[in-house]
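Chemist: This is what each chain is made of:
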Amino acid sequence: MYTDIVREYLRKDKFPSIWCPGCGHGIILGALLRAVYKLGWDKNKIVLVSGIGCSGRTPGYVDFNTLHTTHGRALAFATGIKMANPELHVIAVMGDGDAVAIGGNHFIHTARRNLDITAIVYNNSIYGMTGGQVSPTTPVGARATTAPYGCVEKPFDVVELALGSGATFVARGSSYHVPMLDNIIKEALAHKGFSVVDVITTCPTTFGRRNRLTDDPVKNLEWIKERLVPLSKWEKMSEEERKGKLPFGIFRKQELPELTELYHEMDLKVRGEK
Amino acid sequence: MEKLLSGNEAIAEGAIYAGCRFFAGYPITPSSDLAERMSFRLPQVGGRFIQMEDEIASAGAIIGASLCGIKSMTATSGPGFSLMQEHISFAAMAEVPIVIANIQRGGPSTGLPTFPSQQDMMQARWGAHGDYEAITLVPCSVEECFYLTVKAFNLSEKYRVPAFILSDEVIAHLREKVRIPEPGEIEVIDREKPRVPPEQYYPYDDSQGEVPPLAAFGSGYRYHVTGLAHDITGFPTHDPEKVGRLLKRIVDKIRNHVSEIVEYEEYMVEDADILVFSYGCTSRACKEAIQELRRDGVRVGLWRPKVIWPFPEEELKKAASGKKAVLVVEMNYKQIGYEVERILCDMRVHWMGRADGEIIPPEEIEEEVKCILTS
Chain A
1 MYTDIVREYL
11 RKDKFPSIWC
21 PGCGHGIILG
31 ALLRAVYKLG
41 WDKNKIVLVS
51 GIGCSGRTPG
61 YVDFNTLHTT
71 HGRALAFATG
81 IKMANPELHV
91 IAVMGDGDAV
101 AIGGNHFIHT
111 ARRNLDITAI
121 VYNNSIYGMT
131 GGQVSPTTPV
141 GARATTAPYG
151 CVEKPFDVVE
161 LALGSGATFV
171 ARGSSYHVPM
181 LDNIIKEALA
191 HKGFSVVDVI
201 TTCPTTFGRR
211 NRLTDDPVKN
221 LEWIKERLVP
231 LSKWEKMSEE
241 ERKGKLPFGI
251 FRKQELPELT
261 ELYHEMDLKV
271 RGEK
Chain B
1001 MEKLLSGNEA
1011 IAEGAIYAGC
1021 RFFAGYPITP
1031 SSDLAERMSF
1041 RLPQVGGRFI
1051 QMEDEIASAG
1061 AIIGASLCGI
1071 KSMTATSGPG
1081 FSLMQEHISF
1091 AAMAEVPIVI
1101 ANIQRGGPST
1111 GLPTFPSQQD
1121 MMQARWGAHG
1131 DYEAITLVPC
1141 SVEECFYLTV
1151 KAFNLSEKYR
1161 VPAFILSDEV
1171 IAHLREKVRI
1181 PEPGEIEVID
1191 REKPRVPPEQ
1201 YYPYDDSQGE
1211 VPPLAAFGSG
1221 YRYHVTGLAH
1231 DITGFPTHDP
1241 EKVGRLLKRI
1251 VDKIRNHVSE
1261 IVEYEEYMVE
1271 DADILVFSYG
1281 CTSRACKEAI
1291 QELRRDGVRV
1301 GLWRPKVIWP
1311 FPEEELKKAA
1321 SGKKAVLVVE
1331 MNYKQIGYEV
1341 ERILCDMRVH
1351 WMGRADGEII
1361 PPEEIEEEVK
1371 CILTS
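First to last, the sequence lines map onto chains A and B.
When the first sequence is numbered by the numbering used here, its final residue is 274 and no position is left out of the sequence of numbers.
When the second sequence is numbered by the numbering used here, its final residue is 1375 and no position is left out of the sequence of numbers.
Next comes chain A alone, as it looks inside the complex (with noise of 0.2 Å):
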């Protein structure tokens, strides 16, 4: 049933996808597209915008406004047509280097101003699209091509930045957890306000290849499964314990005003209307 809901809202004429066989990118556009449908919204009030790289084919795919913008930006964007029509749905998907390396500003201002904007970060640690360099989310020791001796450098964790940055809805998901992640999906677009979810994913062909876990997507996907923990398990776990893993779950869900909401209070005062 679901594969026909998928169908539904894909531009069927634009496939086979740009992506790898085993990449992680499919698994979550599918989790996207049945968290709309849960959702009943209605596909011409929908905004899907994305940067540049593997994510950022996305809306290319799927029968929705759609605006494929620049690396890093396409939070930006988001952020003007939000402002502009309130009554759209405006979803952002991004890389991980697409969000919070050359977007970081972008994602940290988003957050701040608490935006009714669902970001969604395609996270497979890696720069895919370009051929495997190293990203703000590589961890320590992993291989890229621009790291031969392995990531020297401390990794961004995505939920803590977007903690820290004043997101009212951040959560974390994982291809390879597809029922909760469909669930995680559906809450973030229900949030109203600005809400976040990292997505732990996998590039067999430019990250598995290089870190042993060669392009089999299963290998891949387990690599997935040995690190993420369930928050509540997290928790009660120790430091040592929690050492190379990360955990998963909603971090935050909080109602506060939205940007546009309060834009618009201020208007009517302006007006003299309140």
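Among the hints, erroneous ones may be present.
[To be verified] To give a feel for the contact side, a few chain B residues facing chain A, derived at Cβ under 10 Å: (1) 1043; (2) 1052; (3) 1057; (4) 1060; (5) 1087; (6) 1183; (7) 1219; (8) 1220; (9) 1221; (10) 1232; (11) 1236; (12) 1240.
Bear in mind the hints are in silico, worked out from the structure with no lab data behind them.
We put the CB at the ideal spot given by N, CA and C, even for glycine.
Here the structure of chain A is known, so what remains is to put chain B in place on it, guided by the hints.
Modeler: Chain B in isolation, oriented as in the chain A frame:
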């Protein structure tokens, strides 16, 4: 209604008259008071103002808003204009109407934040990567800031291109009387909307003309926008024929319509032996110099473009025909001067300019004209 306004305030008022209802910007001297005015005025007329985290975001946000059918603008100065080039290129490729006011200050780099220059003339023409055409207007008075801003929006909407207002620190903070026209008194152009049902709509369909209609996001026309080379449907393509057709149209939609876009002022040109070519604040000093020289019987006139890109080539050639010499006066180390030399290649073209933060006084221009006459 008459108002005493600064150049920057006049740009803001012109934008609102033209229907601008979204402004996203980042503070930078000497443009900040334009953003301040918009933050005050837009909520009064049902518009939205947002101060972004940087100029890149500002330019991105106005493209997003414009895609929702809302006329949008930002304002900046040289360093910020450099940061915006990435999205100027995007707007040109995706054919999204936007307006950017660049209040020029001394450069390069941080340069002279509180002093005027005309050093971004070529950045407005060639600043971003790739082949594209944009439109640039250069006001020389506060009143012209108003009218050329309306024109910038009109041209941007009509041709689906980025349009720039290149003002400068002098005009920006000069206060002059401006007559604000009544609504409907001067033409306001809105982009063409699709006349076909959604299933027949292609955002880059050139079958009906060089500028395809643009649907607003959320209006029932679901389509794709990308900075990648695309075909008429808006989806990426590598097909050389389709890519070539797109790129050619993006430049031709302006190059084939130069005479309809350009606007210029001719002052005492008809009987002039010497033609002074100048624009923006510098042209005011030229006009004063010409008045002085005329008192001494020197036959000299001013040719002043109000639209500088696309360059009014044919119009300038016609005006310069039969003149003894042309003098280009500008506040940079020769930018438009080279363009005039290229166009009037069989004529004596002189050039004078400076870029030290000081405006060019009329006396120096008078001296230069006298030198040309005796040389």
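Chemist: Find the hints from earlier in the document that the structure breaks and name them by number, from lowest to highest.
Modeler: Result: hints 6, 10, 12 break, sorted rising.
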